[in-house]
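Chains as they are written, first to last, in this note's numbering: chain V, 1 to 152; chain Z, 1 to 414.
A hint or two may mislead.
[As the list claims (entries may be wrong)] Restricting the straight-line Cα-Cα distance to at most 25 Å, the calculated cross-link-like pairs of lysine-lysine (DSS-like) are:
| no. | chain 1 | residue 1 | chain 2 | residue 2 |
| --- | --- | --- | --- | --- |
| 1 | Z | Lys116 | Z | Lys174 |
| 2 | V | Lys24 | Z | Lys381 |
| 3 | V | Lys128 | Z | Lys408 |
Hints listed in this document are in silico derivations from the structure and should not be mistaken for laboratory results.
The lines below spell out each chain.
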Amino acid sequence: MSEIRELYQELILDHNRNPRNFKKLPDANHSSEGFNPLCGDHYHIYMNVDENSVIEEITFDGSGCAISKSSASLMTSFLKGKTVAEAVHFFDLFHDVVMGKIDPESAEDELGKLSVFAGVREFPARVKCASLAWHTMKAALVEENKPVVSTE
Amino acid sequence: MTQTEITNEVFSVTKARLDFPALHQEIHGRPLVYLDNAATTHKPKSVIDAIDRFYSRDNSNVHRGVHYLSQKATGQYERSRQIVQRFIHAADEREIIFTSGATESVNLVAQTFGRKFVHAGDEILISEMEHHSNIVPWQILCEQSGAKLKVIPFNQRGEIDLNGYAELLNPRVKLVGIVHLSNTLGTINPVAEMIRLAHSQNIPVLVDGAQSVAHLPVDVQSLDADFFVFSGHKIFGPTGVGVLYGKSHLLKTLPPYQGGGDMIHSVTFEKTIYADLPHKFEAGTPNIAGVIGLGAALEYLQRWDLREIAAYEDELVNTATKALKQIDGLTIIGEAEHKAGVVSFVMENIHPHDIGTILDMEGVAVRTGHHCTQPIMDHYKIPATTRVSFAMYNHLAEIDVLISALKKAIEVFR
Ligand SMILES: Cc1ncc(COP(=O)(O)O)c(C=O)c1O
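Whole structure, please, built from the sequences with the hints as guidance.
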């Protein structure tokens with residue numbers, strides 16, 4: 001049970017039950033769709049980025065497992081007010097943590113609450129759940145003709 | 001033909017479990033409870049030994065050498081064909097084609113039957129509950145030929161709508177493809193009746209037996225199936241080997257699937273004459289060890305009384321269904337009157353993927369997802385299910401482990 005609690009921490013369960021920023025943004029100037037065909041996780045990320053490259057607003061909708069939904073919820077809370085360059089930087093950092101490439105403690109100061117997802121390192125089958133929203137966010141920001149993002 | 005005397009032992013799950021080495025291990029510190037048999041089954045020692053023996057002693061190519069080992073390998077390979085023939089009660093061993101699996105068997109029929117008989121304006125009829133492997137090959141054929149794919153609906157319980165089916169049958173339909181036992185819903189489809197209806201309009205039928213062979217006695221002649229496909233790995237055999245059964249008069253009219261060695265009678269640059277059945281459809285060096293392993297798997301299964309196994313598996317499905325229904329917020333997906341092997345469900349507020357992870361930590365292996373049947377998910381407007389699937393070696397006590405693991409999941413998500 002303890003390993004399970006390690007993965008499903010209270011913060012994750014809370015954001016799964018009550019996802020933040022869980023709505024469409026009709027006038028978004030960036031958006032993208034992410035899909036995991038293997039388990040059916042499916043999200044849209046919506047963003048408004050201002051002329052100074054600051055993410056003024058970021059929301060999401062869609063459906064999926066607790067890990068993917070809480071990840072989208074925490075990511076959107078985290079990235080609001082950050083610049084596009086920072087968002088890309090945090091994408092890399094988050095990715096390295098959940099992939100087990102770097103020690104989560106070394107990134108804790110920067111990632112803050114997002115460090116709660118460090119637990120997925122131990123669950124290789126769930127890494128793509130935690131990173132789906134991030135891949136979708138990045139596609140919305142940096143790719144011109146973006147296909148539907150797919151983590152499989 | 002020398003036939004091993006098949007003596008049926010009284011079925012005992014305790015005894016059967018001893019024959020499967022992989023069942024006896026711990027996962028995350030808990031005894032493995034393997035409930036993902038619809039994905040693939042574990043292998044009995046006799047199958048592992050047969051493959052080991054082949055590679056450590058009898059290894060040679062088949063149908064090619066006069067030397068001792070080649071003849072021995074050929075003999076064992078062809079003996080498996082006879083074992084399969086008897087297992088599914090085919091009239092003739094030449095009606096048994098070895099492929100790489102159910103998927104390749106369907107593709108073989110789609111491409112060869114399609115090339116010969118399916119043209120623009122024709123229809124292929126399949127059901128809404130097919131596995132993707134009995135959908136996509138037909139979509140490819142339809143794209144190539146200009147034929148149309150039509151779909152037989154099923155009702156909310158997960159049973160084929162036979163009236164809807166009868167209405168869809170018409171002279172433009174060139175072939176019906178139907179799954180015998182649904183890997184997602186557990187529904188046993190009335191294939192004999194469906195074949196009878198199709199035959200009354202001279203339409204041949206392909207039966208996807210990937211799930212049914214391990215759970216139901218199969219007699220292709222009494223079903224009157226024109227084609228019947230299955231995979232070795234879902235019936236205690238190795239991966240990478242499968243079977244296409246086809247009525248010989250049909251197979252004879254079909255063009256070859258792939259060209260190469262072994263499938264020819266003679267080759268010149270002017271004209272090549274194809275080999276007779278079954279070799280016409282077995283181009284190149286086949287999966288010899290796999291075919292021998294499949295033969296060993298079917299021989300293993302036939303040690304037991306298959307009716308006793310079916311009755312025991314019914315008990316597993318019924319017990320699991322009853323226990324699952326006791327859980328608040330749990331809905332069974334697929335409540336057909338006739339079911340076997342499989343119980344799918346969804347739970348309020350807990351996504352199947354999360355259930356799968358939590359069960360895994362308790363040693364319980366289940367499948368979560370769409371199970372390669374996205375149209376079924378669309379039918380019920382759900383993204384995924386958790387699927388419990390049994391084999392004859394599952395213990396009733398394992399259902400208790402499943403239920404208490406599910407209660408832990410509920411606890412975590414409370
Ligand atoms: C009903 C059904 N048909 C076909 C297949 C395809 O079998 P394979 O992947 O072994 O070719 C499966 C296996 O998942 C199945 O369950």
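Could you check the structure against the hints above and give me the numbers of any it violates, in ascending order?
-> none
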